[in-house]
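**Q** In case you want the letters, here they are:
2 protein chains.
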Amino acid sequence: MKRKNSAKRKVAYFLSNNVNKFREVARILEEYGIVIALIKLKKKEIQNDSIEEIAKVSAEEAAEELNLPVVTEDAGLFIDALNGFPGPYSSFIYRTIGVEGILKLMSGVENRKAKFKSAVAYAEPSGKSRIFSGEVSGDISVTAKGDKGFGFDPIFQPYGYEGRTFAELDTDEKNAISHRGLAFRKFAEWYISKVR
Amino acid sequence: MKRKNSAKRKVAYFLSNNVNKFREVARILEEYGIVIALIKLKKKEIQNDSIEEIAKVSAEEAAEELNLPVVTEDAGLFIDALNGFPGPYSSFIYRTIGVEGILKLMSGVENRKAKFKSAVAYAEPSGKSRIFSGEVSGDISVTAKGDKGFGFDPIFQPYGYEGRTFAELDTDEKNAISHRGLAFRKFAEWYISKVR
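Residue numbers (our numbering), protein chains in the order written: chain A, 1024 to 1219; chain B, 1024 to 1219.
Chain A with its partners taken away, still in its complex shape (with noise of 0.2 Å):
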């Protein structure tokens, strides 16, 4: 159940280096009447085939830092048929290699399964933290298509979206279904409720 801004916004502050991800994310939590407030800090990413636990370590080393309660995410595309790569290092994959070096690995490839994941941690000065996950299952399209959204948005195809990628949908298009999404609106649906 989403619920309309009320009488009382919750802040919460958001760690990423990542604009388009804010603005995704800010979208979701508007809905929930949270107001999201970037944190352009280098956040300091474990190494780890976890992102809950990249995600956690994050959270928890920057609200201590900050002094603030803190919400990161971390999130990643997970290909069946690479072992889960580019996993947790899409970033830099998305860097060095990018798309096509991605639709150059699978290339002949027939299993084109992936999911992309994302995990959302919360926490508190005190070393309080909590995780939300999110997922969605989908296929890596044969070329790159679609000029929304960001990352490997143009090369993933969410089933039931008659072959759109990602990056051929609305924000509101993908944050209904995407990995992100779910996982934000968990975190939303806690935080709302949650007694300060």
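Since the hints were derived computationally from the structure, they do not count as laboratory data.
A few of these clues could be false.
Since the list gives no way to pick one copy over another, a pair counts as held whenever it fits inside one copy or between any two copies.
[Stated by the list, open to error] List time: in silico DSBU-like cross-link candidates among lysine-lysine, alpha-carbon distance up to 30 Å:
{"#": "1", "residue 1": "Lys1067", "residue 2": "Lys1209"}
{"#": "2", "residue 1": "Lys1067", "residue 2": "Lys1138"}
{"#": "3", "residue 1": "Lys1168", "residue 2": "Lys1127"}
{"#": "4", "residue 1": "Lys1136", "residue 2": "Lys1217"}
{"#": "5", "residue 1": "Lys1067", "residue 2": "Lys1151"}
{"#": "6", "residue 1": "Lys1044", "residue 2": "Lys1063"}
Let chain A serve as the given structure and place chain B on it in line with the hints.
**A** Relative to the frame of chain A, chain B by itself:
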């Protein structure tokens, strides 16, 4: 100048989960009379484009946690035509797309230049730390060759070795020119001259 075993042996604690790496390092350091003790504690690695920074943070955190002086190494293969991919995430990328994935990405690519880089970090519980770097240039081969070494060794041809890959060299031959050999010899020279 290499120094042969002298009266007093020094011990260095080496944090790693890679036994192949340990074997190479032990062999390099024994020429300096340094005995290396492997500690297979899962080291915490941050995500960073600099292997120096990754090694430094790992060493510092482990030195504090263990209350011991600690040596760690971070290494990676940096391919020019792939903008430094697989770089600091060589281990994850080896486990997912492997040697064959790199060869597929490089198929039809003319510029095959690459570097193996190593960063050795030494840290004390006091917080003091030092970094030693090494690198070696070569080409990415067209096919995988050899069964020695580990990781991406079968596709890296160091310059001056008639096209032989790291996996076709003996450990001593590889150590003599490798990124790891260079970095650890710098460390060893400093470590044995260091006043306790």
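**Q** Within a copy, between copies, both or neither: which one fits Lys1067 and Lys1138 at a CA-CA cutoff of 30 Å?
**A** both (25 Å within a copy, 26 Å between copies)
**Q** Quick one: Lys1136 to Lys1217, C-alpha cut-off 30 Å, is that within a copy, between copies, both, or neither?
**A** neither (37 Å within a copy, 55 Å between copies)
**Q** Could you place Lys1067 and Lys1209 in one of the four classes (within, between, both, neither) given a Cα distance threshold of 30 Å?
**A** both (24 Å within a copy, 29 Å between copies)
**Q** At most 30 Å between CA atoms: does that hold for Lys1168 and Lys1127 within a copy, between copies, both, or neither?
**A** Both ways: Lys1168 and Lys1127 sit 15 Å apart in one copy and 22 Å across, limit 30 Å.
**Q** Treating 30 Å as the Cα threshold, decide for Lys1044 and Lys1063: within, between, both or neither.
**A** The answer is within: 12 Å in one copy meets 30 Å, while 37 Å across copies does not.
**Q** Can you tell me if Lys1067 and Lys1151 fall within 30 Å by alpha carbon in one copy, between copies, both or neither?
**A** For Lys1067 and Lys1151, the Cα distance is within 30 Å both inside one copy (18 Å) and across copies (21 Å).
Violated hint: 4 only; the structure is consistent with all others.
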